[in-house]
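Trainee: Reconstruct the complex from the two isolated chains, following the hints.
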Amino acid sequence: AQTVTQSQPEMSVQEAETVTLSCTYDTSESDYYLFWYKQPPSRQMILVIRQEAYKQQNATENRFSVNFQKAAKSFSLKISDSQLGDAAMYFCAYRRHSGNTPLVFGKGTRLSVIA
Amino acid sequence: DSGVTQTPKHLITATGQRVTLRCSPRSGDLSVYWYQQSLDQGLQFLIHYYNGEERAKGNILERFSAQQFPDLHSELNLSSLELGDSALYFCASSETSASTDTQYFGPGTRLTVL
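Line by line, the protein sequences give chains X and P.
Each residue of the first sequence is one higher than the one before, counting from 1 in the working numbering.
Each residue of the second sequence is one higher than the one before, counting from 1 in the working numbering.
Hints are computed from structural coordinates only; laboratory data are not their basis.
Quick caveat, the model's predicted, so the values are computed rather than measured.
Each hint can be trusted.
The calculated DSS-like cross-link candidates involving lysine-lysine, where the alpha carbons are at most 30 Å apart (straight line), are:
| hint | chain 1 | residue 1 | chain 2 | residue 2 |
| --- | --- | --- | --- | --- |
| 1 | X | LYS55 | X | LYS73 |
| 2 | X | LYS107 | X | LYS55 |
| 3 | X | LYS107 | X | LYS78 |
| 4 | X | LYS70 | X | LYS107 |
| 5 | P | LYS9 | X | LYS107 |
| 6 | X | LYS107 | P | LYS57 |
| 7 | X | LYS70 | X | LYS55 |
| 8 | X | LYS78 | X | LYS55 |
| 9 | X | LYS70 | P | LYS57 |
| 10 | X | LYS73 | P | LYS57 |
| 11 | X | LYS73 | X | LYS107 |
| 12 | P | LYS9 | P | LYS57 |
Okay, chain P solo, but in the shape it has when bound (with noise of 0.2 Å):
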């Protein structure tokens, strides 16, 4: 167990909806960073956020959103989703922003789009 927590573990919906993906980072990290894993594309980098500001931005498409909250955790928003959004979405803590500190996963959110 890496401290890291997701919410929820799976999600099934329908094209057109809006999702938002919940995380809280391990106790006292301050950095959080979502990452998408699917089929074609493998893991990528989608955004970071370090003590509530955004610090860094990967493919993340435009309908797709985050913030990171005064307790830490952090929200992914899906809107106007795709079939092509499907994917296993993992967020990871660590401890600063600096590039010396382990990222720790959660256990992933599993988003089906139907």
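With the rest of the complex left out, here is chain X (with noise of 0.2 Å):
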């Protein structure tokens, strides 16, 4: 089966800083999604940035980019010039490319922004 691990619990950051988070996963499967969703005290789970494995190109969402390693299996999540508003939960999530397969999710990283 697959998993997903978070193994930074809680992480802070000054505003306006750069933060990064790590995920790593473990799978069989060649061809498959990454995600990185956003869980903020309102509870809403929100898409934050995708990634295909088949694409060896890092996928970015303006402040948001990830560095996504195939072979050691690793998809970290970068923030750049954090905001306020970006303390929150982040999940980091696999799916599988074939069949009705729902998402795997890490334990979460909770993230502080400090001001």
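Mentor: Laid out in structure tokens, this is it:
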């Protein structure tokens, strides 16, 4: 079974600085998708960024970018110019390409942003 | 706002009771997924429906059941509730059942079992 590991339960960053959240996953599949979801205090799950495993280019969405290392099965999220609104739980998730597959989530990293 | 709605937002009930959680997917989405978020288990997949048919089951207890209606809304039924069922229950919808589709989450229903 696929597993997703987020080794940092909590992280903090100064406003306007850059922070990187780590995620590793275990799979025997070659084709899959990886995601970062943000869960602010409102509890809404918000998609931050998505990466297709067959793409070598790292995904970028404004201040959010990923470092996808397929061989190492690593998928880290970099947040640049951190803002107070970035404070949230961040979940890394995996989804297999084939079949009716759900998302498999890591345990999450709680990010605090210090003014 | 993801376009996915869930009702009720909060539910407080007693052990042994039965509750129904409701989810309306985004307009045009045929797939509905249910997830449970608890402190000890994290976010776990429960069940997936596509256009009215069950497509996949995850760690769903036998006391739990779900269905998707012709208008595509879905209900998750939880019966013989136990304290450990207290959790946040999310539904997510996507356009089809393809893994290429992004899943959009609703705001969740917080269930408290006393």
